[in-house]
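Enquirer: Chains as they are written, first to last, in my numbering: chain A, 1 to 319; chain B, 1 to 292; chain C, 1 to 237.
Derived from the structure by calculation, the hints contain no laboratory data. Computed from a predicted model, the values in this text were never measured in an experiment. Heads up, some of the hints might be wrong.
[Unchecked claim] Stretch by stretch, here's where chain A covers chain B in the computed footprint (C-beta under 8 Å, at least three residues):
no. : segment
1   : 109–123
2   : 262–275
[Stated by the list, open to error] Heads up, simulated EDC-like pairs for lysine to aspartate or glutamate below, C-alpha to C-alpha not over 20 Å straight-line:
no. : chain 1 : residue 1 : chain 2 : residue 2
3   : B       : K260      : A       : E127
4   : C       : K72       : C       : E108
5   : B       : K260      : A       : E234
6   : C       : K198      : C       : E165
7   : A       : K276      : A       : D26
8   : C       : K125      : C       : D114
9   : C       : K125      : C       : E95
10  : C       : K198      : C       : E159
11  : C       : K72       : A       : E192
Where is the CB? At the ideal position from N, CA and C, for every residue including glycine.
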Amino acid sequence: MKHRMVVLVALVLAYGAVPLLLGSMDYVMSLIIAALTIGGVALAWALLGNLGGLVSFGHAAFFGVGAYTSAILVVDHHWPVLLAMVAGGVGAAVASVATMPALRLRGPYFALAILAYGHIFRILAVEATSLTGGAAGMLSIPGFPTLLGINLASKTGAYALILTIVLLFAWLYGLIRRSTYGLALRAMHDSELATRVVGVPSTHLKAAMLVISAFMTGVVGAFNAHQINFLDPEYAFASSWTVLPIAAAIFGGYRTVWGPVLGALVVFLVDQLVFKELMPSGHQLVFGVLLGGMVILGPHGLLPLLGRWSKKEASHAGA
Amino acid sequence: MLELILQALYSGLLAGGYYAMIALGLALVFGTMRIINLAHGELVLLAAYVAFEMERSFGWTPLASIPVALVVVGLTALVIYLLIGRIRQDRELNSLILTFGIAIVLTNLILMIWSADIRSTSNSWFMDGVVLGDTLFSMRGEVIFCVIGVLLLAATYWWLNHTWQGRALRAVASNRDAAKLMGVNPARIEALSFLVSGVLATFAGVAVYTASVVFPAVGHNLTIKAFVITVLAGMGSVPGVLLGAVLIGVGETLTTTLAKPSLQELTGMVIFLLILFLRPSGLFGRKGMVKK
Amino acid sequence: MLELDAITMRFGGLTALHAMSLSVAEGETLGLVGPNGAGKTTLFNVISGVYAPSGGTIRFGGQDVGALPQWKRARVGIGRTFQIPQPMRELTVRENLRVAQRFGAGKEDPAALDEILDLLGLAHKQHADAATSLALTEQKALEVGKALAVRPRLLMLDEVLGGLEMATKRTFARTLETVRARFGLTMVIIEHDIETIKALCPRVVVLNFGQLIADGTPEAVFNDPQVIRSYTGDTPA
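Extracted from the complex, chain A is given alone in its bound form:
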């Protein structure tokens, strides 16, 4: 009951208070939209990392494929934008099927094989000029439509859209996590053998997580393409789409559902508002420090640390 109240209040704040208070500040809204975009990818990355037990260094590949699929469908085939975004997710999911042979590799090799795929997809996007416009990219990609009287192309509308996407993904993630599939996937971390002898098709389940994670990333990539109305291979497959979500997920704690999203908000906003001002070039350095620091100091992320701390506070207050 209390849990429900918290969720309800959070929803009212997210959908109501944020646009009302900040809606007039275009720059701030742009930052929040970008942070949620990264949060969406971070969520997808964490789903694969936490439930699939697979660390990927190549989510930029799925982001880029999703972005291009959707943009091409809208520009060349005049699909409606929202439908094309879902197709972008499907495109990324299909691309992930191509990466599946990598599933039989041990952890580090999987991570790097996915990285290789990212590079291959980028080069293909440059080369397939007739389809993608090559290195010059695609200009004036149509933006979001008006839905139920809300202009999704406005800053506030785009915010509501990406917020909804992220919330839906988080809900789906939670659903999987609580199911017997989620239980089996969690069990596979430490004892894959123990799960296999009781009939768990562990490789199939990992593959399923890979496809779902790729789908989510593809949808977010598509969202991004229609939001900024522009794409080129360097941008769509940029390593930032891999680095930022990993930093966010690890910072927020990738074993939780909300950690990656909150991590993205904190990491990205602090970077843009503070570090970018201090160090105009090379401020990505901060993410490197963050990744290294988290691995050494708090392998379970920052949120769990905060959680423990606030629990302690609460018990003191209660006493």
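For this one, chain A is given, so just place chains B and C on it according to the hints.
Expert: Same frame as chain A, but now just chains B and C:
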């Protein structure tokens, strides 16, 4: 056409010399610590920028800056080693994230100090043409560093097989516990492997700066290239690394000649994926990357 | 029910099983004994699909299961335990069984889980963390419970009574007998304690150096001079 192909083979062969130096450094650390140092390419890059700085500020020839680069890169390698030592759990994966982070830090430091401009030696002596036979063309720098690379590889091979430290290193790589029983301290050997890897990276970095061009993003590409080569070599044999390096070098130059330059990067990736899927123990090795 | 024909298992230069043939009839309880390193656990690993044998065929319920992956062998009805218990960490006892039931037996059935938990004396610990809060006997019971939750027809127990005290061992052996009768199981049991084997298994098979050296009633087998020699450390003639 034949001439072009021969020229491509020759250029690829020369590139293989310094690719091998980069890859062997990565492979050594992998051998002793079971860690893929994703910041390895940045170590190479760091050496290249030290050579650039020495040339710009004091007019030194790249060869003269090697001792300075050795100190800088060696110290950085040791810092990476010490940081990896702080990892408490799941070292195989966490070290990947840690060294990924270190790579980002180094790239951005280089970007901040030396900007994103493309740099290469302005020393014309290294850029003079050397013609082999009547047709095969190369720059003097390419030939010199290919020779240095092969010599360094041979030296490392000899060191691994004929010195006490080298044998200890191989012992740690093949069976850590047995090595301990033989009185080898694995921590010291790991540090040693990082140092040797740093030495190789230093020479490779000066080679890249002299025979090719550098800019901050190159480090990432070099790491991937080195990783691809070690995968080809099956993680751990020196002759395998050399063969893998030549294969990648030749593959790249052939792609450039027969298809187009923009596909060059694809060559390594495609070879890498083919090997992973068709022959996961590597072309020349036995140790597997596939789950048991 | 289970027919092994000329199963050979080589690891590099070492041959762990030499062209072994064995058949187990439906409803039988078979004791598998032999000195350490004789190949008993290797045989379990081959039957349950952890290893692919170097040669030979495995038929289960008339079907050739040799090519089935590990998880499918569980689904056709081969359940097994591990000598060193392999609880699914991060999960509770009940969640362990839920996963086994959902994937091994195909659908969830809470009532059946309750019965298994009751039979094995784990009901009071069902919400406890499987990796950290179980005593040795309970860990062994969970090991059996997971195997039962897949609704096996054949249950292979690898030293599930090993390391237990005598009194506990007897109670546990009785539990196994109850479980066998309740679910109509065929069982293969690896066990070092001869008294336990005599109590549970009408038929005993002895392995040594990867070969089957005796097959018969406990009385006959344990009086066989070759079997006695194998335990005193002589190599087979």
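Enquirer: Failing hints, ascending?
Expert: none
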